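Using the sequences and the accompanying hints, generate a full structural model.
2 protein chains.
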Amino acid sequence: MELIRIPRIIQDTCKKHLQKGRSIGFVPTMGALHEGHLSLIKRSKMENDVTAVSIFVNPTQFGPAEDLDRYPRDIEGDSKKIRELEADVLFLPDDRMMYPTGFSTFVDVEKISGKLCGEFRPDHFKGVSTVVSKLLNIVRPTRAYFGQKDFQQSVVIKRLVKDLNFDTEVVVCPTIREHDGLAMSSRNAYLNPEQRHAATALFRCLTEASQAILSGKHSPAKVREMMHAVLSGEPLITAIEYAGVYDPETLDAVAEIKGEVLLAVAVRLGNTRLIDNMLVNT
Amino acid sequence: MELIRIPRIIQDTCKKHLQKGRSIGFVPTMGALHEGHLSLIKRSKMENDVTAVSIFVNPTQFGPAEDLDRYPRDIEGDSKKIRELEADVLFLPDDRMMYPTGFSTFVDVEKISGKLCGEFRPDHFKGVSTVVSKLLNIVRPTRAYFGQKDFQQSVVIKRLVKDLNFDTEVVVCPTIREHDGLAMSSRNAYLNPEQRHAATALFRCLTEASQAILSGKHSPAKVREMMHAVLSGEPLITAIEYAGVYDPETLDAVAEIKGEVLLAVAVRLGNTRLIDNMLVNT
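Chain order of the listed sequences is V and W. Quick note, in our numbering, the first sequence goes up one by one and the last residue is 558. Quick note, in our numbering, the second sequence goes up one by one and the last residue is 558.
Since the hints were derived computationally from the structure, they do not count as laboratory data. Incorrect hints may appear among the rest.
Identical chains share a label here; the pair holds if one copy fits it or two copies do between them.
Taking lysine-lysine pairs in the PhoX-like style, the calculated list, with each CA pair at most 25 Å apart, reads [said to hold, decoys possible]: (1) 356 <-> 498; (2) 291 <-> 434; (3) 291 <-> 318; (4) 356 <-> 425; (5) 387 <-> 318; (6) 291 <-> 438; (7) 387 <-> 356; (8) 291 <-> 387; (9) 357 <-> 493; (10) 291 <-> 321; (11) 291 <-> 425; (12) 292 <-> 387; (13) 498 <-> 318; (14) 493 <-> 434; (15) 387 <-> 357; (16) 425 <-> 296.
Nothing here was measured: the structure is a model prediction, and the numbers come from that model.
Shown next as structure tokens:
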């Protein structure tokens with residue numbers, strides 16, 4: 277595995293691969309890798325000649341009061357995992373490389389960036405869109421891999437790639453879960469044992485709602501009510517940011533349940549923000 | 277010369293060139309080609325294996341009250357000129373190809389986009405940055421050519437290319453002028469004979485200011501005054517949007533004249549907006 281810290285160098289490396297006709301799979305991450313990330317790398321390995329992984333805790337996607345400083349970092353452990361999976365390139369830039377003095381260009385996917393999580397994290401998806409645009413230009417991957425756990429992110433990135441004509445296929449991979457259903461997330465590390473137990477309410481809320489829909493409950497208001505009831509039943513959940521039934525493309529709350537719908541939820545357990553989602557096909 | 281209307285097709289064509297190790301020069305235009313545009317194509321021909329030219333009157337860079345509808349169009353004449361210069365590819369997309377339904381991603385170079393012309397054309401450079409990002413992703417040129425006449429545009433694009441890690445060299449070529457000094461512009465076609473004559477005031481204002489600086493006049497306020505005096509002396513100039521001495525990187529008005537400075541001017545002659553500029557090295 278080649279470790280590269282300089283954008284221009286990995287850009288040249290990747291260009292050489294493309295010129296030799298090799299496909300490049302790319303897995304952009306913020307590190308603190310869990311089985312979810314590893315599933316993306318494995319998928320990329322299967323589908324491409326070359327697999328590049330990036331680790332960069334992107335400051336522009338964190339709000340001023342958010343967890344940028346305490347976001348878990350484990351470069352050594354991460355490198356070991358990536359090496360074991362036999363990824364070819366690890367890109368490890370620092371803030372100054374990615375955002376040098378004078379940096380002032382931002383990419384914004386309007387409308388959908390303001391829905392769901394965007395209401396609570398105003399510039400989050402602008403930061404994501406900007407860093408992903410940079411990374412796609414640096415690596416120029418044939419395919420880029422993202423997890424379904426960050427559903428809105430995948431919608432924003434698919435839109436961005438289409439709108440700005442990036443020559444990359446966006447591949448969204450299934451959410452990987454713990455044995456009790458909790459979606460894997462680097463932020464799960466923030467939870468104390470009681471909160472960790474309480475966090476299972478997200479998966480419970482999604483599965484119960486999904487089962488209700490599949491067994492004929494077709495009122496979005498009723499399903500939403502049910503989801504809120506499950507979450508409210510968990511005293512360690514300190515806030516429900518949103519929980520309901522949404523259109524998987526526009527991310528708007530649906531007026532009726534038909535075709536494919538998105539069940540999505542965001543809550544706070546003390547200082548920790550957790551999200552999860554599930555697609556249901558009626 | 278190959279004429280291509282579909283983004284995906286020219287993207288594949290250009291990718292094949294790059295895979296064969298050929299350099300691509302790219303000249304993005306809005307058509308109504310004059311000697312200025314042709315000089316960019318000639319330069320690209322000299323410096324690259326393949327030259328691609330695009331013609332697209334980009335709606336997102338026009339304000340609601342601007343001249344999108346009446347902007348001069350001459351596809352037939354343009355094609356002939358491009359063919360004569362032996363460019364290899366002409367990309368001729370339509371609005372629907374570039375901005376399909378649901379389009380919602382915009383690229384914005386903050387700060388410098390709001391200076392000079394940006395004060396009078398609020399979303400202009402956001403539209404330029406967005407379409408140039410799209411075109412660079414479609415063509416992936418080794419070098420892209422722009423005219424110095426649109427000086428602020430070249431600063432915005434250089435910033436954009438650097439910030440978003442586009443693997444393209446931005447080449448800014450000298451302004452081409454009529455025999456009486458008027459900078460070539462597709463918008464010169466709007467001028468009636470009297471306005472056309474009056475329009476020489478822009479070049480006169482820039483040369484007089486430049487000569488004053490070179491012969492020792494080092495007060496920006498005095499130079500600005502002199503520039504305004506020349507323009508105000510021309511009764512057909514109905515408004516001076518700006519005229520002065522600026523920093524060529526930040527586009528801010530300079531407090532003192534030293535090193536390289538930018539003389540820049542934007543005026544209205546009736547419904548027609550004209551701009552021009554000159555770099556002076558003291």
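Homo-oligomer pair classification [residue 493, residue 357; C-alpha up to 25 Å]: neither (43 Å within a copy, 65 Å between copies)
Within, between, both or neither: residue 425, residue 296 at alpha-carbon 25 Å: neither (34 Å within a copy, 40 Å between copies)
Identical-chain pair category, residue 291 with residue 321, by Cα at 25 Å: For residue 291 and residue 321, both the intra-copy (18 Å) and inter-copy (23 Å) Cα distances are at most 25 Å.
Identical-chain pair category, residue 387 with residue 357, by Cα at 25 Å: So residue 387 and residue 357 fail the 25 Å test inside a copy (37 Å) and across (42 Å) alike.
Homomeric proximity label, residue 291 with residue 434: Cα distance no greater than 25 Å: Classified as both: same-chain Cα gap 23 Å, cross-chain 21 Å, threshold 25 Å.
Identical-chain pair category, residue 291 with residue 438, by Cα at 25 Å: For residue 291 and residue 438, both the intra-copy (21 Å) and inter-copy (17 Å) Cα distances are at most 25 Å.
Intra- versus inter-subunit Cα pairing at 25 Å for residue 291 with residue 318: within (22 Å within a copy, 27 Å between copies)
Homomeric proximity label, residue 387 with residue 318: Cα distance no greater than 25 Å: Cα proximity of residue 387 and residue 318: none, with 33 Å in one copy and 42 Å across.
Identical-chain pair category, residue 387 with residue 356, by Cα at 25 Å: neither (39 Å within a copy, 42 Å between copies)
25 Å Cα threshold - placement of residue 387 relative to residue 292: neither (37 Å within a copy, 36 Å between copies)
Intra- versus inter-subunit Cα pairing at 25 Å for residue 291 with residue 387: Cα proximity of residue 291 and residue 387: none, with 34 Å in one copy and 32 Å across.
Up to 25 Å CA-CA - residue 425 versus residue 291, copy category: This pair counts as neither: shortest intra-copy Cα distance 31 Å, inter-copy 33 Å.
Of the hints listed earlier, those the structure fails to meet are numbers 1, 5, 7, 8, 9, 11, 12, 13, 14, 15, 16, in rising order.
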